[in-house]
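Asker: Next come the chains, spelled out residue by residue.
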Amino acid sequence: MIVFWLLALALVASAVFVITAKKPVYSVVGLLANFTALAIMYLTLSAEFLAVIQIVVYSGAILVLFVFVIALLSSGVAPFLVGPDRLPAAAGGGTIAALIGLALVVFGITQHPATIGPAGGAAPVGPVGTAGAFGSVADFGNALFTVYLLPFEITALILMVAVVAVILLAGDTGPSIQQRLRRKREPIVRDPAFDAAMHRGEPSSERAS
Amino acid sequence: MSETSLPVALINYIGLSAVLFFIGVAGVIVRRNPLIMLMSIELMWNAANLLFLAFARVWVNNAGHIFAFLVITVAAAEAAIGLAIVVVAFRRAKYVDVDEAALMKG
Amino acid sequence: MGVEGAYPLLIALWLLPMASAIALWAFGPQLRTAAGPIGAGIVGVCFALALFSWPDAVQRAHGALGAHLTLFSWGSGFDFGLLWDPLSLTWTLIITGVGFLIITYAIGYMEGDGAYARFFAYMTFFIFAMLTLVLSDNFVGLLVGWGGVGLASFFLIGFYIDRKTAVAAARKAFVINVVGDVGLMFAILVIVTQVGSTTYAETFARLGQFSNTALVLACVGIFIGCAAKSAQVPLHSWLPDAMEGPTPVSALIHAATMVTAGVYLIARCWPMWNASPDARDLAGSIGGLTALMGAILGCAQWDIKRILAYSTMSQIGYMVMGVGVGAYDAGVLHFLTHAFFKAQLFLGAGLVIHALANEQDVRKMGGLRTKMPFAFWAMLVGVLAICGIPPFSGFFSKDAVIYGALEHGHPYLYAIGVLTAAITAYYMFRLILVTFFGTYRGEVDPSDLGIRHPELAGMPPHAAPQAHHSHQPGPIMNVPVAILMIPTTAFGWLAIGPDSPWERFFGQLFAGGTHVEKVPASIGEGLSTLIVLALVLVGIGLAYLRYGTSAAREHAVERLRTESVHMPPVLANAFYFDAAIDALFVRPAQALGRFMGRVVDPIVIDGAVREAAIVAVSLGNRFRMLQGGLVRGYALTIVVGVICVIAYYAVMGAGR
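Protein chains in written order, with this note's numbering: chain A, 1 to 209; chain B, 210 to 315; chain C, 316 to 971.
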């Protein structure tokens, strides 16, 4: 139990640090701390596989992506923020909105306690590390590739779409399509040595070199 | 099958998730740096994940794990695309300030 | 009521004047001077048709009198048709006969006028409307004719469109007549609610169905219409101003026919009148009052046509009094004789006016007896008739009316009638003496005669390039006047005694109906006649003393000036009726109009429209702020929406 409260404290503190840090790099570090605490929390919830996935994908891939982009953007000399704050009401308004939402959720939860949910036909719960226990790799894989195969495939599709989108958006900094169309067709320059090398061994042709 | 399998009562997980979620909301609205905004959105995703896993543990139901997995995947895709947009915008304007991207005004 | 059948002559009689009016309207510029004879000819043909149809009017079959022609019917009880019985025959003969003579006269009178054809188009249109009024067999047709004659009167009073006073007089006449129209319409509505029909036959047959108040209301409504159209107090003030129209118009419309439409209406509704003593009291009293007032005001006028106008008002008061108290034959007889002698008087006055280049003020006349003898004799005959001197026709009819009032139980009205006869004699002889005796005062300076506004006198013929020169009228104007002298003189002999031709002709209208009881009169008819005659002679004597003695004739100019200057303002302003109407109705209406124009229209109506626009614009501005283009703003909006959803579920609970 104390673990939970410590982890909760870490989560909240790092989250607040993320949103209030001065530099983006600080935010990334805070986010890393947040994800790590979350992974430990998942472990306490018998979700071992997901804890590992959290570290591998979130901290290992997404945060690294963030760091790369920050590095890319920081390489310029322009500061991050130019121009005045155009919506000064957002600061106060956002905070208040968040607090109201929080209050409402808490109120709602206390009014209507959760009911018992459906049983899922999962493996029984066991101590962490038990093979085939609830939340283990085997259990997770079993569900993923049988009952939830379709969502899995769709997720693959989503990832492909993301890859294509990123390449289209941010890749290829060459001339734009219009520019390429406008560029005159360059004359094909024939290289006689190359041609000779290509056609070595063929019956001699009457083509002039 | 009962809440006693959790370290603490379920309500605490729900409250923690809500707090994390709304911290993320505040971050999206208050900060002007798009990178920070995207990170706040990641916070929100994670809050939802936490809630999924908590309920999965209470009801011993795999679906929560599956769904949390899918959430992580989609969050990754979204982060990638979002960052790509930020990069493209930076190439154009040489700075990133969300408030300046007000072409859709009116 | 009446024998059903097809009467093509009646249809022709009714519609020919309309066809003529349309033709003259449409082809006026091409016809030019031919318009006059065409108009007169058509009306003459109508007169002949009416004469030929005389037997149909007095035929009696199945116990009903006259001829009935149904034209079409809208629904049960709302048939529209023509009724041809002695009453409508009487009016038709006067309308077409006297109308023919007057329109012929007008061919000469309106000669040289720029809108010659338009005049005759209007006159024939008037004939058509008046015929519609008297020939209808239902109240709605009557109302249509009623409105039509009002319209024709408006056209003809305002015929000289360049003259502001004429236009104002036309408007005044029309507006006052509208009051009467409303009263008449109200009466028709009451009748429809009581018996569900508008035809005379059904209404009078079912009089028993009327409740008492409904009957009184209907009679009052009818009488309001009659009062407006026939210039009874208090709706009389349009008639003197209506003299702005050309003299033939005054003769035909405002003397002989249109103003008697009210008398016709009361006579037509005699069953209703017989059944309601309150209505009789009202009609008789107003008639008597009008007769007296008209006579008193006639003593104070200097315009020859206005003198005649007030005398018309007074004589119609007699007629209304006659038919109002229930003496229908006396009242209608007076209508007949009045049509003759009043037309004669107006046409004679027209001869004088025409000869003197549109001078109408009697103060500037004088001594015309030697210059225009024919006009003098014509007007003398008319004046003797109107005063009720035997053997002229007016004597018989006026006596019948006055004695009828006494017979039907109204001694006060009898006294008023007698007094009015005396005053009538006075001012009519004043007219004759000042106009035709003494020396001609046309060259005298107007202010010496006490004339305050010389520019208002006379009627410039519009669009005539040169001033009308003074000349003696030709035969086309003299012959109709001469013809009119005959009935003016002789018609009365047809009505002597209870079994006279007139009684036999007209009395059959009332056969089978209830009569108003006659009370035994306190004095015999012969004695009453003598009393009236004596007072008439007193009136003539007074007029002679004031205007006719040699001393009066010598000092005419000073006497006239003195009288003009010392005219009591009460009389000069016609008992302040015009001022009262102006203060009570005209000014408030104008103030209301100004208020609407200055306050309501710009502030309320325009303001409402502008406010709608302003609200739309400001709402749009508010909503525009939502589209700020800022990402964070949109995010905030989304979050607010999410919170609303959360709030809903937090309160209501999920799963509902």
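Hint data in this document are derived by calculation from the structure and do not stem from the laboratory.
C-beta: ideal position from N, C-alpha, C; glycine also.
One or more of the hints may lead you astray.
As the list claims (entries may be wrong) - If you want a taste of the chain C side facing chain A, the calculated C-beta under 10 Å gives, among others:
hint, residue
1, A797
2, I798
3, V957
4, I961
5, V966
Asker: For which of the previously enumerated hints does the structure constitute a violation, in increasing order of number?
Answerer: Failing hints, ascending: 1 and 2.
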